[in-house]
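There are 4 protein chains.
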Amino acid sequence: MIKILVAGFKGKMGATATKMVLNHEGFELVGVLDPFEEKNNLKELAEYPAIDVPIFKTKEDVLSVQPDVWIDFTIPAVAYENTHFAIEHKISPVVGTTGLTEEQLAELTDLSKTLKVGGLIAPNFAVGAVLMMQFAQKAAEYFPDVEIIELHHDNKLDAPSGTAIKTAEMMSEVRAKKNQGHPEEKELIEGARGADFEGMKIHSVRLPGMIAHQQVQFGGVGEGLTIRHDSYDRSSFMTGVALGCEKVVHLNKLVYGLENLL
Amino acid sequence: MIKILVAGFKGKMGATATKMVLNHEGFELVGVLDPFEEKNNLKELAEYPAIDVPIFKTKEDVLSVQPDVWIDFTIPAVAYENTHFAIEHKISPVVGTTGLTEEQLAELTDLSKTLKVGGLIAPNFAVGAVLMMQFAQKAAEYFPDVEIIELHHDNKLDAPSGTAIKTAEMMSEVRAKKNQGHPEEKELIEGARGADFEGMKIHSVRLPGMIAHQQVQFGGVGEGLTIRHDSYDRSSFMTGVALGCEKVVHLNKLVYGLENLL
Amino acid sequence: MIKILVAGFKGKMGATATKMVLNHEGFELVGVLDPFEEKNNLKELAEYPAIDVPIFKTKEDVLSVQPDVWIDFTIPAVAYENTHFAIEHKISPVVGTTGLTEEQLAELTDLSKTLKVGGLIAPNFAVGAVLMMQFAQKAAEYFPDVEIIELHHDNKLDAPSGTAIKTAEMMSEVRAKKNQGHPEEKELIEGARGADFEGMKIHSVRLPGMIAHQQVQFGGVGEGLTIRHDSYDRSSFMTGVALGCEKVVHLNKLVYGLENLL
Amino acid sequence: MIKILVAGFKGKMGATATKMVLNHEGFELVGVLDPFEEKNNLKELAEYPAIDVPIFKTKEDVLSVQPDVWIDFTIPAVAYENTHFAIEHKISPVVGTTGLTEEQLAELTDLSKTLKVGGLIAPNFAVGAVLMMQFAQKAAEYFPDVEIIELHHDNKLDAPSGTAIKTAEMMSEVRAKKNQGHPEEKELIEGARGADFEGMKIHSVRLPGMIAHQQVQFGGVGEGLTIRHDSYDRSSFMTGVALGCEKVVHLNKLVYGLENLL
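Chains as they are written, first to last, in the UniProt record's numbering: chain A, 1 to 262; chain B, 1 to 262; chain C, 1 to 262; chain D, 1 to 262.
Mixed in with the good hints there might be a few duds.
It does not matter which identical chain is used: a pair holds within one copy or between any two.
Derived SDA-like pairs: lysine to any residue, alpha-carbon spacing no greater than 20 angstroms straight-line [claimed, not checked]:
#1 K166 <-> L261
#2 K3 <-> K253
#3 K19 <-> N124
#4 K116 <-> S235
#5 K57 <-> V78
#6 K247 <-> A212
#7 K138 <-> L262
#8 K156 <-> N179
#9 K3 <-> G26
#10 K10 <-> A212
#11 K247 <-> D154
#12 K10 <-> I75
#13 K10 <-> K59
#14 K12 <-> D34
#15 K178 <-> D154
#16 K247 <-> G26
#17 K247 <-> F27
#18 K178 <-> I189
#19 K19 <-> V221
#20 K156 <-> Y232
#21 K90 <-> I2
#22 K186 <-> G162
No wet-lab data here; the hints were simulated from the structure.
Looking at chain A on its own, in the form it has when it is part of the complex:
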């Protein structure tokens, strides 16, 4: 059993992580941390009636239960201090808080190496999305002909999505340069051929009902290869958080990015 503490347990991500820990056979929730949680005001915990674990108000209090892993979904300033504190006390951090500076990351990594404490800081915990990007990069070595179709709900403001751009960047590192389509192709209506990223085309679909989906479509002589990720809700990140908790206890330094654990 891996003993786990959750900091930031009242936020959306933290609450989802807390549920995941409670439901996971290999994990034991040994406490949650929130400096502003009043003893007499537990109504916000009402939705977790089964939680019978200490609610700590300071990070020092946490040490009494000796957690193995410190899950952190707080805010950047707090996350930095929490992660530093965890490493110092040989608790492996699994941090989903975004916004740490490069200096902070470097310092935390150095500290983790010195003390030989494993840990993970990741901006994205969706295992499926990370695998999709890794597979796309691998396939792009052999199939330079590729276009991305990403589909999101129609409240999304940016097109293409960040994931689509990151996927294209990763593919362009290994892909033979090439412009998709016939050299003399013509757009009868402007934009038909999509956004151009170093010759690869990206198409952004926006429809109600959709959540977050991406399809990377490769074409070769006489064949096609498709890699698709569908994200239906926030809980999809939890597979990655759980994986992180399992892996960090066997590491001896801090790792940045879930892709480095897969």
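Starting from the structure of chain A, add chains B, C and D where the hints point.
What follows is chains B, C and D alone, placed relative to chain A:
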């Protein structure tokens, strides 16, 4: 058994139609027509060794075998004369030759009504593609949120495809006017949101290996509806030609467009 | 503006319907009905802070606000009485409560005809699912070669799904009898070719993350046609409820089944 | 420029390989080999009018043009001798002929190591299919919930396909044991849940129009990951043959299986 003649049997479409007739249980091939086919020069027929039917050189000669249906994949000038001749002689035409003028179509239709002869002239015999367009039009009445993704081989010059534009036109006849996407959406890379057709977006993918595919994607609150057609080769048109042959013998006038028989 | 009352507004479906009415430009919520709602106990309404409409405790009270449409998501016994009452008072019912008997349906239909009041009773309000089934039936006339793949979350107990079976039934009404696959095909592992429904095969996929999806896959010579419905959450039913409200005010009798309004 | 010889150039695979070499910028066709090809009887080469390369009748004659790579699509007995001869003369073999015995493979591999000659023998040259299987295996480490849907033309006799079974075998090497679906799930129609392979389900679709397609569908909490390969025609193998020719010249032993080059 429906007795069938094929005019233009040496062209790609005509040859495929001839094979289809030969392989269809309900059809009997009673002859083929080609004015330039020399008696002593049958080598071009070598690939149909089983054909033991008369090769007619003039349309008048055809009457000797009394066909029920006259399949025509010739050239426009010939097709007009052939169709006129067929209707006059109470043979139901099934014409895939494109390029007849509106006047010719009107005249042939009038003649067919007068003589009560059924027939079909169709620019597109792909039943699946026609159904896709009909279904898309029907769905657009209830789901105004729709985008089209069409995928073709990378030798295709035009984007969007003619089928995509026709589908969009058919949907716009019944669809509540609406611009897909968020009013304030931004393209980080130009073209990401595709071609705009009255607020519907069309995305054209071009990859080697692909043949001709179209996906019409509808979104509603909490749901999605997708209609997709995949065309793998020219033979896909033959389902429609066969259907035409079966239906025209029960009609009493000439019909334009396969969609009017479905 | 169509004036609407919602009966059973505290249940899951009723609450979703209430939200839909509140958010719909063409609708005005003129009241909700619940016999057990205590004046002093409105906490269950807390999630609709904006509702400033009467909460009626008896159906007679409803008449004071003269609704055009009566949405009903109650229980069968109540739904029958409510619908009868609504028709008598020339309010068009839109009823999603399932479990009315055939006798009750017949009686309500007769009453509606006599009084020339439009209405709708439907076991399923998912417009996308109904269209999928209608399109599948239409396509099966021309493409007898068809298999169904349905995909659901892995808590579902029955396979195939009710929707898959209903789709197969609708297709079998028009489809030429045919056994999918080669006459001499062999299953190396039992079950590979799926469930057999009059020669059509049905394949049931059960995976976590999935919600409710169905793909009807047609094959013809050289082509394929696919019709797919994805249901992401309960709110997908609301497109159909809204459509029902818009249509019933123009009808002069009660209709059973959303498909008869499409 | 890599200098290439093709043995078995008149068979279907060999002819396709010959075309590929002729069209590839980095390759030079320096000869073809066929012991039964008569000098005066070149009509079978008519379809390659542009070939102006020697047609060798014995393998010894081949040495005059000093090829770098020896592509072999002959028959097993000949392939063994050809490959042995090629390695002896420091020509790198790329062999698609199936049916060599394990002893022959072992002997050829030993010889290649001794002489430090690179080479490739592969039963399957479809890069896309090999990548699909590798990706599926990798994903199965993180997502034990997986089902396979494979779709083929309706002349296929066996279900599931060999590729589906091989994919399942590869996944089972790394996947946590698990039975897909609810423990109490029931098949209303037998076979609905597909073929069982160590708890993973395989569904085989057979429809006219289809060629060879496989979709590996993973499910996780709130997400899905799909890997799909579509094979449209035999030419799809050529990407792998070309890749083999490029890679073998940098190897110093014989490799079995394309997957070991990716």
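A quick look at each hint next to the structure:
no.	hint	result
1	K166 <-> L261	within (18 angstroms within a copy, 27 angstroms between copies)
2	K3 <-> K253	within (19 angstroms within a copy, 50 angstroms between copies)
3	K19 <-> N124	within (19 angstroms within a copy, 33 angstroms between copies)
4	K116 <-> S235	neither (31 angstroms within a copy, 50 angstroms between copies)
5	K57 <-> V78	within (13 angstroms within a copy, 52 angstroms between copies)
6	K247 <-> A212	neither (27 angstroms within a copy, 33 angstroms between copies)
7	K138 <-> L262	both (14 angstroms within a copy, 9 angstroms between copies)
8	K156 <-> N179	between (28 angstroms within a copy, 14 angstroms between copies)
9	K3 <-> G26	within (9 angstroms within a copy, 55 angstroms between copies)
10	K10 <-> A212	neither (25 angstroms within a copy, 31 angstroms between copies)
11	K247 <-> D154	neither (37 angstroms within a copy, 27 angstroms between copies)
12	K10 <-> I75	within (12 angstroms within a copy, 37 angstroms between copies)
13	K10 <-> K59	within (16 angstroms within a copy, 43 angstroms between copies)
14	K12 <-> D34	within (14 angstroms within a copy, 34 angstroms between copies)
15	K178 <-> D154	between (31 angstroms within a copy, 12 angstroms between copies)
16	K247 <-> G26	within (12 angstroms within a copy, 45 angstroms between copies)
17	K247 <-> F27	within (13 angstroms within a copy, 47 angstroms between copies)
18	K178 <-> I189	between (23 angstroms within a copy, 18 angstroms between copies)
19	K19 <-> V221	between (48 angstroms within a copy, 13 angstroms between copies)
20	K156 <-> Y232	both (15 angstroms within a copy, 18 angstroms between copies)
21	K90 <-> I2	within (14 angstroms within a copy, 57 angstroms between copies)
22	K186 <-> G162	between (28 angstroms within a copy, 13 angstroms between copies)
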